Amino acid sequence: MISIQNIHFRYKNKPVFSGLSLDLQPGHIYGLLGKNGTGKSTLLRLINGLLFPKEGKLNVLGYTPAKRQPAFLKQVFLVPEEFYLPNISINEFLTANTGFYPQFSAEQFTNYLGEFAIPRDQHLQEMSYGQKKKLLISFGLACNTPILLMDEPTNGLDIVSKSQFRKVMAGAVSEEKCILISTHQVKDLENLIDRITIIDEGGILFDQTIGSITNRLHFKISFDSEEVRSALYKETSLKGNAIILLNDEGEEGRLDLEMLYKAIISNKEAVQKAFK
Amino acid sequence: MNSEFSFERLFGLIRKQWIENKKFYTLGALALLGMMGICMYLFWVLMDGHNYSEMTAYQIYVIGLILCGTIYGSISFNMLGNKEKGQYWLTFPASVTEKLLVTFFFNLVLFFLVYSACFFLSKWGAQVYIEQYLKENEHASYQPMNWKDGFGEAFPYIIWGYFCLQSLFILGSVYFKQFAFIKTVIFVTIIGGALSFLLAKLAINLFPNYNFYWNNLELREYHDPTNYGVYKSYALGSTLSKVLGYILTYSWVPLFWVITWFRLKEKEI
Numbered sequence: 001m002i003s004i005q006n007i008h009f010r011y012k013n014k015p016v017f018s019g020l021s022l023d024l025q026p027g028h029i030y031g032l033l034g035k036n037g038t039g040k041s042t043l044l045r046l047i048n049g050l051l052f053p054k055e056g057k058l059n060v061l062g063y064t065p066a067k068r069q070p071a072f073l074k075q076v077f078l079v080p081e082e083f084y085l086p087n088i089s090i091n092e093f094l095t096a097n098t099g100f101y102p103q104f105s106a107e108q109f110t111n112y113l114g115e116f117a118i119p120r121d122q123h124l125q126e127m128s129y130g131q132k133k134k135l136l137i138s139f140g141l142a143c144n145t146p147i148l149l150m151d152e153p154t155n156g157l158d159i160v161s162k163s164q165f166r167k168v169m170a171g172a173v174s175e176e177k178c179i180l181i182s183t184h185q186v187k188d189l190e191n192l193i194d195r196i197t198i199i200d201e202g203g204i205l206f207d208q209t210i211g212s213i214t215n216r217l218h219f220k221i222s223f224d225s226e227e228v229r230s231a232l233y234k235e236t237s238l239k240g241n242a243i244i245l246l247n248d249e250g251e252e253g254r255l256d257l258e259m260l261y262k263a264i265i266s267n268k269e270a271v272q273k274a275f276k
Numbered sequence: 001m002n003s004e005f006s007f008e009r010l011f012g013l014i015r016k017q018w019i020e021n022k023k024f025y026t027l028g029a030l031a032l033l034g035m036m037g038i039c040m041y042l043f044w045v046l047m048d049g050h051n052y053s054e055m056t057a058y059q060i061y062v063i064g065l066i067l068c069g070t071i072y073g074s075i076s077f078n079m080l081g082n083k084e085k086g087q088y089w090l091t092f093p094a095s096v097t098e099k100l101l102v103t104f105f106f107n108l109v110l111f112f113l114v115y116s117a118c119f120f121l122s123k124w125g126a127q128v129y130i131e132q133y134l135k136e137n138e139h140a141s142y143q144p145m146n147w148k149d150g151f152g153e154a155f156p157y158i159i160w161g162y163f164c165l166q167s168l169f170i171l172g173s174v175y176f177k178q179f180a181f182i183k184t185v186i187f188v189t190i191i192g193g194a195l196s197f198l199l200a201k202l203a204i205n206l207f208p209n210y211n212f213y214w215n216n217l218e219l220r221e222y223h224d225p226t227n228y229g230v231y232k233s234y235a236l237g238s239t240l241s242k243v244l245g246y247i248l249t250y251s252w253v254p255l256f257w258v259i260t261w262f263r264l265k266e267k268e269i
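Note that the protein sequences, when read in sequence, are chains Z and S. Quick note on numbering: this note's numbering labels position 146 of the first sequence as 146, and the sequence is numbered without any gaps. Quick note on numbering: this note's numbering labels position 5 of the second sequence as 5, and the sequence is numbered without any gaps.
Don't read these hints as lab results, they were simulated from the structure. These figures come from a predicted structure and were not determined experimentally. Among the clues, some could well be false.
[Unchecked claim] Using 27 angstroms as the maximum straight-line C-alpha spacing, the simulated DSS-like pairs for lysine-lysine come out as follows:
{"no.": "1", "chain 1": "Z", "residue 1": "Lys-67", "chain 2": "S", "residue 2": "Lys-23"}
{"no.": "2", "chain 1": "S", "residue 1": "Lys-183", "chain 2": "Z", "residue 2": "Lys-162"}
{"no.": "3", "chain 1": "Z", "residue 1": "Lys-220", "chain 2": "Z", "residue 2": "Lys-177"}
{"no.": "4", "chain 1": "Z", "residue 1": "Lys-12", "chain 2": "S", "residue 2": "Lys-183"}
{"no.": "5", "chain 1": "Z", "residue 1": "Lys-12", "chain 2": "S", "residue 2": "Lys-85"}
{"no.": "6", "chain 1": "Z", "residue 1": "Lys-54", "chain 2": "S", "residue 2": "Lys-23"}
{"no.": "7", "chain 1": "Z", "residue 1": "Lys-54", "chain 2": "S", "residue 2": "Lys-177"}
{"no.": "8", "chain 1": "Z", "residue 1": "Lys-132", "chain 2": "S", "residue 2": "Lys-23"}
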């Protein structure tokens, strides 16, 4: 669905990607994680055709995004971190835009707005940033494009809205859709994504499914000093030591995304070795 | 639907552009009508004194058209200077050709029609007043526009020149992210000045004794300063000069639009 092969990209003199390769398939929600400035948003904009790779091949649904053909654009929807919405009402916004997305469902849109508690008769300029973002997320989901890209979708959402977002997203997954969410707020994506991709230093640092992670790693609280010593990653807290161990026994446990992310950033060799 | 062009998408885009900007267009048209009325009153009704000339009204029309048209043209693609608006515009499912045609429709065609409508409405109002004034004042006069001489004869070319200039300012709005109008004015002044200087220098050095005539794209060397009827002439021939003349006159608008199209194609945000 999305095939990225050996792409290179730079902003003037600042290299971002040097030989990045990635393959994304439908039926998944991918979590794209990474430190600030590692190129998460850049990758989304490359996939959407807003930026052009300097080298390498980028194929999305059989199209070259840089050509920005209408047949391609109507199948990809981007919810950017910072976005623009015109100064019109919701109904006018729908009248102006829905004709360009053949799979748009007015019923789904109304349902999503309901989930997010946004009144339908509101004017876009009267809305808060968070409300506008929820409207854009609702519209993006209701467009039913095979590819949905979201850049920091939970930024600006309050606690209740974040859980509404997770609920809405969980219901939006389908076998035909590929959803790619870029964020640095890893907690917001917990129990939502089924594959984690971490980018760093111009390439892919880590790319595994949730199933594979829980098969190989075990997250637990431990008071056993021997266990703590052998951990791939540890954090001391009042409740004990939160640790990540190799899951040699095949134990079932709950994945802590934030801990995993910190483990990969601070001890990448050991974590990567666990997946070889 | 064709991958690059479809009428359905084009009309959809026109509708979208109207829905999203109708307040701006309506208020803009009203402001234009108001400004035109004020200009017509100040510069025609008041300043022409007792001897009214219709030409003054058309001069106001031309000056206003060039000023407003170029300013409006230079905001055509100002959304590309803004990351959020640029993303919204570039990722919308329509081709660059369709998006450019919509800009062409609103900024070139519709603006010209609305501006002209505002002018004729204001002119009609001013003319009603002038006619009344003429009835009441025997010493006052009114000179209708002469379309076959001077300004009147040049009028269609001035209008065409305006379209060329506006297309250039629209192109400038793609090139310059901020202050597109001022930057395009500076660019046009510098490039235009440099080009005129170079051409003049070239002509003086290559053909020191020749005079150039636009009519037939002809170079003439006069041998007898007391008799200009005797000269040596180099011309391209009437057909070729006419074709070249047409190309030089009418190719600028499509040329600027084609460059704009390519610039939009390669625009990254």
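Here is how each hint holds up against the structure:
1. Z:Lys-67 - S:Lys-23: violated, 33 angstroms
2. S:Lys-183 - Z:Lys-162: violated, 45 angstroms
3. Z:Lys-220 - Z:Lys-177: Outside the cut-off at roughly 33 angstroms; violated.
4. Z:Lys-12 - S:Lys-183: holds, 23 angstroms
5. Z:Lys-12 - S:Lys-85: Holds, at roughly 22 angstroms.
6. Z:Lys-54 - S:Lys-23: Distance of about 41 angstroms is beyond 27 angstroms: violated.
7. Z:Lys-54 - S:Lys-177: holds, 23 angstroms
8. Z:Lys-132 - S:Lys-23: holds, 21 angstroms
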